[in-house]
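Engineer: Take a look at the letters that make up each chain.
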Amino acid sequence: MAEYTLKVRRYQPETGEGPYWEEFKVDLDPDLSVLDGLLQVRDEKDGTLVVRCSCRAAICGSCGTKINGQSTLACKTQLAEAQDGANRRSPDGSAPIVVEPMGNMPVVKDLVTDMESTHWEKIRRVTPWLIPEGDPPEREYVVPPESMIDVTQSMACIQCGACVSSCLSMEADPEFVGPAALAKAYRFVGDPRDAETRQRLYDLAQDPHGIYDCTHCFQCIDACPKGVAPMDQIMRLRRKAGHDEDINDVNNGRRHELAFTKIIARKGTLDESLLLQESYAQGVGGKLMPTSGAIKGLIGSLPTAIRGIRTGKMRSLAKLIPGVHPKLPDGAQQHVKSVYQHAEEHREELNLYITGEEEVEPEPDEASDPLASAVGGEGRHPELVTEGGSETVGTSEATPEADVEPEPDEEGRLS
Amino acid sequence: MAPKHDVLVIGAGLAGQRAALAAAEEGVSVGIVSKVHPVRSHSNAAQGGINAALQEGDSWESHAFDTVKGSDYLGDQDAIEIMCREAPEEILHLEHLGVTFHRNDEGRLGTRAFGGASQARTYYVADITGQAIMHVLYEQLMKFSAQISRYEEYFTTRLVLDDEGRCVGAVLRNVADGSMELYEAKNVILATGGNGQIWRPSTNALICTGDGIAMAYRVGAPLMDMEMIQYHPTTLAKKGFLITEGARGEGAHLLNAEGERFMERYAPNKMELASRDVVSRAEQTEINDGRGFDDGTVALDITVVPRKRIHEALREIVLVGRDFAGVDITREPIHIKPGNHYTMGGVKTDVNGATPIPGLYGAGELACLSVHGGNRLGANSLLDTLIFGRRAGKHAATRAKQVDGARPAEAALRDSEREVAELIGRDHDNGRRISVLRRELGETMDRFVAVFRDEDGIQTALDRVKKLQEELPSAYIDDQGTVFNQDVLGAIELGFMLDQAECTCVAALHRTESRGAQYRTDFPERNDDEWLKHIELSPNGDEPEVSYSPVTITQWQPAERTY
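Keeping their order, the protein sequence lines are chains A and B. If you're matching positions, the first sequence starts at 1 in the numbering used here and goes up one per residue. If you're matching positions, the second sequence starts at 1 in the numbering used here and goes up one per residue.
It cannot be assumed that every hint is accurate.
Some chain B residues close to chain A (C-beta under 8 Å, calculated; not the full set) [stated by the list, open to error]:
| id | residue |
| --- | --- |
| 1 | H102 |
| 2 | D294 |
| 3 | S435 |
As a list, the in silico SDA-like pairs of lysine to any residue whose alpha-carbon atoms are at most 20 Å apart [unchecked claim]:
| id | chain 1 | residue 1 | chain 2 | residue 2 |
| --- | --- | --- | --- | --- |
| 4 | A | K45 | B | Y476 |
| 5 | A | K45 | B | L206 |
| 6 | B | K238 | A | P30 |
| 7 | A | K267 | A | N251 |
| 8 | A | K45 | B | G481 |
| 9 | B | K238 | B | L161 |
No lab work stands behind these hints, which were simulated from the structure alone. For glycine and all other residues, C-beta sits at the position ideal for the given N, C-alpha and C.
All chains should be modelled from the sequences, with the hints used to inform the complete structure.
Structural biologist: Here it is as C-alpha cells:
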C-alpha cells in the first residue's frame, strides 16, 4: 500500500459555484488504477464525487478523463505511473496526481462531461452504419480475410472520447468531425461490404471540417487507450479519397499533399519556396495560366507566409528564392528519395491486428536503417500490412523493436 | 407528456438492443432504456466468441448436446434446441449487418475452439467479439432512430402493474437531472443482465447489479436456478478481470506451482477445455491442496501459442496482462484463479421471453429459460442474448398489436419519488455507509457461496444478508443533489442486490446435491432422483417461497458427465 494525493477538478453545478480543485489522499497498491483511487474517495470519503465508470478494465469506455493533462481512461492508468507523470511535471519532483474532466466537451458535474452534444453528434454525422448494395447473400459476404482484420482496428474503438478530448484541431475548430468519428468512418470505408465508399469519401472531403481539417498532431494516437490510432485512420481516408478516388477537397488539402510529395520526390527535402505555388497552381501550365481559385488561394495565403517570416518559422529568406535549396550532407538527400520511393511502391498500412511473420529479433544495426525508422516509426505498431493485397512486408526489414518509444514528431510519415 | 411505447426495453446490452430492433421490425413503437450509455453495457466484455453449428460437418444437434451436457442436464432441452437451431441464421444476420467476423483463407467465416464443445464452432472478432457485435447493433439503433427512442442514462426504479396484474410501465429516473417519470408501455422487456456485483471480486462490471431480476421478483415474477452462479476458471487474482477462454481455445495450458499440467488428472480428454465448472473446481482443488502459488492462484501459460497468433487473436488479453498485471503473456505465464462470472439463473421465462406476468418479458443473462442449466458453456451467452432477445422483441411487438394500453397508476411514481427523497434526507448518525454494506455483501458471498459450498457456509451468508437487509433502511449516502447523483443509484442497487443474494442463498441451501456450478462438499454427488428439477423462488412476506418445476427433456437422457 502507498499513499497518493489526487488533485481533482471538481464542479458541483447545484451549488451555484464555479469549478474548483480539491485534494484527496488515498491509500492503495501502486498497481491499482487512478479510477480505483477515485472510487476509494467516493466510497469512503465523499459520495458526491462523480465519475462515469463500469468495467474497470478498459473495455466499456466510461471513464475518459485527463490525468496530468493527458487524455486517457482512469481505469487504465496505474497510480504509480500517474505519480511518475505528476512528478515529472513538477519542478521539485513531487506533485499530486491531477485528474480533470475531458476537454472539448461541456462539463456536467465533476468528471462527467456531456458526450452527447459533442462526441455522439459527430459519430452520427458520418452515417455510422453499413450500407451494402442490394439484398444480402444467402450465406456470408465473402471478403478478403485481411480486410476484416484491417477494419477491426477501428472496430476496437470503445467510444471513450479520449481522442476527442485531446484533439487540437477540434480545440481550434469545434465543428471538426474529429478523430473518433473519422475512425468510425474508416470502419465503413475500409469494409468491402459497404457500397457507399466513394460517396462517404466525397462527403468527408467536401466538408470543410472533414478529413483535411486534421493537422497531424498525433495527440489522438497518444490518447487512444485501445490502439485505434485515429489519425492513422484519417490518413487512410485521405489516401483513399485522393489517391484511389481522385477526389479533391474544398480545403485544397489534397493538392497541398501532392505538392509536398512531388517536391520531396524531386528534391529529397522540402523546398518551401515551391510549396505554396505548387499547392495552388500545379506544374508549368498551372503557373502560366493560374486559375482564379489559385490566385485567390495564393493571395489568401500571403498573411500566413508573412507571419512565418516574422515569427522565424521561415528561417532563411534565401530559401524563398526558387532554386536556392540547401542539400543535406552525406548523400542523405538520396536516402530520403529512396524512402519516398519505397513508400510509393509499397503503400504500407499500419495495423495492430496483423503481425506478418513470426517476430524476429531485429539485428543491432537495424535501428539506423532508414526504412525501418521511416515506415515503422510508431513503437506501438509493430505490425505492417500491405493494403489491398496479400503481400506482407518482410518484418526483418520493417519491424522496429516493439518497445521503442514513439517520438511525437517521428519523421517519415506521409504528410 | 410522459413517454408511451408499445414495447419498452429496459437494458441496452446485446439482449436489449436485439429485442428493440426485432420489435421495431414489427412496426410498433419502441423505447430502449439504459442506466448507462448503451455501448457501456457489459456485453462488451464477452471476448471469446459466439457458438453456432454453421460449418459443414457440424450439426445443431451436436451443439445442443454439448450445451445439455455442459448444463449438467439442468438445461431445458426445448429451449436449447431452439437456441442451437436458430444460431446459424443469427450469425449470418449479424454478418450482414456488418460485424467484422474473422475469416478463413477463403474469405468465409472462420471458427475457433472453445470449452465443452465437441467441434470448433465459435465465431469471433479477435477477442472483442461482444464489443464488436454490440457496437454494430448500436449502429442499427442509430439507423432506426425514427422507430426506436433511446433513453440513455435513465435508471429504472420499479415496474408498474395494473389492477389486473399486467405490466403496464415503469418508473424512470433521468440520471442527468434527477427527474422521475412514469413511462407507459403495453409491454416491458427486461434485459438488464446479470448480478455479478453481488460477489467481490467479480469479472462483472460495476453496473452488473441485476436490477431487472430484483424488479421482476418484487412484482411477483418467479426467479429460477438462482443457486447456479458460474465461476470462470481464468480471472486475474486481485482485480477479478477476465482472461478469455479463447486463450485455452488457442491452446494455452494451466499449470500448478509445481509446473504440472494438472488438468490431466481431472479431465484427461478435454484437458483445459472441459466445462468451466469442472476446470474451476480443479483449480480450486489445486489451490486448496497447497499446489497453487502463494497468492492463491495457478498459472495460465499462453506462451505455448505462437506469438503471431496471440497478437492476431488475443490482443485484448495482451493488453489486460500488460496493463493490469504487469505481465507480458507472450513471454511468461500469468497467475489466475476462478472468479465470479455469470448468472445462470434469473427471471423465469418461456422460449418467447414471456414471464407469468402478462406484458412482462425477460431476455439475456437476466432471464432463465433455462438454456444454461447448472453451467453455461463459453460462447453460448452471446448467442442466448441474441436469439432470445430477438424472440422476446418479436413476441412483445405481436402482443402489443393485440392488447389495449393502460395508463399506469401515478401512485407508483409518487412511491418512488418518496423513497428517493427519504434516502437522500437520511441522517448519518443511525447507520453505516451504503458502500460499506455493499462491500460486506460482496466479500461474504465470495467467501461462502462460491466454487465449493456447504450448509454452514451458506447459512452464514444468508444470516449476514438478512442482517444487511435490516440495516439498509438506515444506511446513508452523501450526495443530496439531483444532477448525476450516483450515490442514490448505488443505494437502490444495493437493495436490488440483497434481494437476489437472499434468493441465491436460499436456493443453494435447498439443493442438497452437487450439479454444475453448485458443488456442495456435504453432498458431493449429483442426485438425479431427487434433484433433476429447477428451484423457483417467489416473494412471500419476509422469505422467498420455494417451489419446483421439472426439467424439460426432449432427446438427451441424463448421463454421467466426464470430459
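Engineer: Which numbered hints turn out to be false for this structure?
Structural biologist: Hints 2, 7, 9 are the ones this structure does not satisfy, whereas the remaining hints hold.
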